[in-house]
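Participant: Listed below, chain by chain, are the residues.
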Amino acid sequence: MELPLDSSLLLAAIPALAFAGCLLPLLLQRYGRAVAALAAAAVMAGCLGLLLRLTAAALAGQTQIVRLAWLPAWGLDFSLRLDGLGLLFCLLILGIGMLVVLYAAWYLPETDRLGRFYSILLLFMAAMLGVVLAENLLLLLVFWEITSLSSFLLVAYRSDKHESRISARMALAVTGGGGLALFAGILLLGGIVGSYELSVVLDAGARIRSDPLYAPALILILLGAFTKSAQFPFHFWLPNAMAAPTPVSAYLHSATMVKAGVFLLARLYPALGSSDLWFWLVSGTGALTLVYAAAVALFRNDIKGLLAYSTISHLGLITLLFGLDTPLSVIAGIFHIINHAIFKASLFMAAGIVDHECGTRDMRRVNGMFRYMPITATLAIIAAGSMAGVPLLNGFLSKEMFFAETVRYADPISWALPLLATVAGMLAVAYSARFVHDVFFNGEPIDLPRQPHEPARWMRAPIELLVLLCLLVGVLPGWTVAPLLDAAAGATLQGPLPDFHLALWHGFNQPLLMSLLALAGGVLIYTLRQPLFAWHEQLPRMHARTAFERFYRSLSVGARRGVVLLDNGSLQRYAALLFAFVVLLGTWAYVSGPAGGGIRVPGLVADEAAVAALCVLLLGSVGATALYRERLLAVILVSVVGLAVTLTFIRLSAPDLALTQLAVEMGTIILMLLVLYYLPPRSAPKSSAPRLVRDLVLALLAGGGMGLLTLLMLSAPLSSISGFYLQQSVPGGGGANVVNVILVDFRGFDTLGEITVLAMVALASQALLDRLTLQAPAHDADGRRWASDVHPLFLAMLMRPLLPLALTVSIYIFLRGHNVPGGGFVAGLITSVALVLQYLANGIDFAQPRLPQRPAALLALGLLLAAGIGVASWPFGRPFLTSAHGHVHLPLLGDIELATAMVFDLGVYVVVVTVVVTLLSGLGRLSLRAHAGSPGQA
Amino acid sequence: MEALLATAIAVLTACGVFLILRARTFPVLLGLTLLSYAVNLFLFASGRLHLDAPPLIRAGASYTDPLPQALVLTAIVIGFGMTGYLAMLALRALAESGDDHVDAGKDS
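Each protein sequence line maps, in turn, to chains X and Y.
Heads up: the first sequence begins at 227 in our numbering, then just goes up one per residue.
Heads up: the second sequence begins at 4 in our numbering, then just goes up one per residue.
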């Protein structure tokens, strides 16, 4: 049902509060550890408070949905749902989260400030809430990825340790890779259904299962779930993630992160379940993981390692239950999710206490703890009993349901499944027995770094609460967990619940017999442990971690080889590959593209002037290329080419371009000459002949291709969008020079981007020249000494009065730019050239102090002018960069169309001048340093 | 006229590409300048070639396409910025490696 406004806001407020609250511990950590912990707990309590307002409806079986449009065109809405399943997970996430916050404050070393830890923990919690509350599958995926990333940060909390970093990377690689598969699977699923909204997807089960893409979608989604829930063969990241601090393990690796995978199985069960493929894949993976991990857990010497494999095994059990694909097995799976979260969180915390008090977690050394910490020991023994499935505890109930389901399951594997379940049960009893016996009894501790004793009162409190829950649920299931389980199961199955009741006593039946067998067998296995351990010792070691690292290393070596193949650090090779690829692409497009009308140039008649200009251009460019070793000459020839291009622009009706090109030309040539002063005047050794041939062929292919492309383009009919600009230029933009109006008005946003790039060029150049010293050469290429005369007086005296004159011209060009050729770009370039001429004529000593010293401020001014006038249209309710204009009559200049776009153009002008002056004054300072004391030369 | 322009673009591109493939920084600078001439002319030509039709609004005049001109105008200025940046990069590379090879120090 769609929610009324206030409760929909409540629902949306839960993840919003969680995400906003992330920053709180970080901001408050300066007030101490306690404040950071309280802030984290307060955020969780706030979320819980919001959730409780919505609980009644969720327990009553209603699905509450809130939808906020985000990217509706892509099927991505910010839509959340709260039903029984979501409620169950929210309670686990928030409830155990608060206990972990309390526990961590005591567990983590006094020297840690905890702000960062709690902030990441909250981020993780917020993402988990998002996963379980998401109504849109794409949104779910976004949160899913945030859980992977934030858990990476949590596992790597001890980032100074190599092991932590490796483990965190492995966890991220596996769960992140699974996330990619899940992404693909969800896209397929959305494609099949036509919507990413869960309420639509869950109703489309029959349609999904009959779709040909069902199998790939299912396999990809299962990959995501199995990697997250550490199912075989993706389980290996979880034991390694035990490098995380214990509070993180207690939270992520018992109740939340690893449960996200089985949550996904439950969530999508109505859409994907009930097929043979689902049955075999899910129950097969689950069964294999259940038995394999239980067997491995028995042989772990690290307490957390044992618990990690036990977790994998229990996750396998849950997966197996979902895979059995009957309503009752699904209910049993959900029940076991609850029970496992409760007892495993308390066990991890108990293991953390032992570690904290003893300084080690090695069960070969940690023995006899019962004497040192009897209360903690009692609590841990009860929780371990729940893990083993001892009656009167919650773990017994769901394990009993599991046994009942395996018995109920008829063909094709009627006897195999109960047998397998019993064996897994025995192994669980055995490793639980080992945990209890080895840690708390079994003689005296051996060589501990610390003297163990009971932990701080509040460090134990979370365990007490969780163990109390184990007992309450175990003895009085109908009074405690039943309503929540009913609601969650109803939401998972999306239909009526089968008849079932939770009770401690179901009479003497097969499941009870299996339980007794498991208990007896488990104890037997543990008493026979010595020969078993000896047998295990001689097994060949297979370390998932080393295998993973080998795989990882070979992957990065392979990737590096691939990169070196394309880019070995040689610019020449890289550029050649680039050009060759472009030529190939062009050829392919020409060959495979639609057959055009061929080359049919309509044709302006070429006159003598055009031919002459072409000849100059050819001479200049070919000359510069042939003589590139004579660098000064080459610069002069390139400048000739620039002039020919300018003439082309004039002839072909582009006066603005011609003005700009001319001004740029002057700047470029001066710049090149200045740079050339420092660079070697001649190019050193010639390229080898094969290299020359290769480059020539590439150059000719590229040139020929461009020529052909030009002719083809000119032969094609023109359809331009410029009609609008020509029509609207005067009425809409208030200017007759359409090019300028486009720049400062119609396409002002593009221009803003372009002057930003220019500003970046100036800043980057300044950084490049910062503190750079180069030796000024004493001789030119032919061994002639560079002149060290003072600047010619005549030139200097002539240039100084020329500056105001040039400035006047540039103001004139600027002002008229809106209507006739000119504008900010051209005016800026003219001003720059005038300033540069001062440099040349008067020397750096004269010009340097007279130029602006802080270009960054000027660049900012220019950009702010341009952007500011754009923003100024907002108060008038117009979009960014809307211009206004009107007529103004100025003395001398006459009637001027004054538009706000002129302020924008002024910004352009300021930026252009500053960029050019920055480049040159940078070179000027370089020259001052190069001569260090002797009269400055430019 | 179109054929002439196409020839100009072809030759400028070929010369630019050849120079960019050289091993020293300065020819690369020259090559990039030539290549940007070629690219600017090509973009400009996409508005087709017209004589005596500047895009200045007057009574009874015909106009060439103003949009490519606006694009090329900024391209020219950006091209200048890029040349300037590259020049500074060349100086920095020279100072760091004592050599003007594009791969800073390598000789080939």
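These are computed hints drawn from the structure, not numbers from a lab.
Please note: incorrect hints may appear among the correct ones.
Unchecked claim - In silico SDA-like cross-links for lysine to any residue, where the CA-CA straight-line distance does not exceed 20 angstroms:
#1 X/K387 / X/D581
#2 X/K912 / Y/D102
#3 X/K387 / X/G531
#4 X/K387 / X/R342
#5 X/K912 / Y/D106
#6 X/K912 / Y/A64
#7 X/K387 / X/E775
Participant: Please go over all the hints and tell whether each is borne out by the structure.
Facilitator: Verification of the hints:
Distance hint between X/K387 and X/D581 is fulfilled; the C-alpha atoms sit about 18 angstroms from each other, no more than 20 angstroms. Among the hinted pairs, X/K912 with Y/D102 is consistent with the structure: their alpha-carbon atoms are about 15 angstroms apart, no more than 20 angstroms. A threshold of 20 angstroms between alpha carbons decides the hint, and for X/K387 with X/G531 the separation of about 18 angstroms falls inside it, so the pair holds. Taken as a hint, the X/K387 and X/R342 pair is honoured in the structure, with Cα atoms around 17 angstroms apart against an allowance of 20 angstroms.
Between X/K912 and Y/D106 the CA atoms are separated by roughly 16 angstroms; this keeps the pair inside 20 angstroms, and the hint holds. Using a Cα cut-off of 20 angstroms, the hinted pair X/K912 and Y/A64 is violated, with the two alpha carbons roughly 55 angstroms apart. The straight-line distance between the Cα atoms of X/K387 and X/E775 is roughly 17 angstroms, inside the 20 angstroms bound, and the hint therefore holds.
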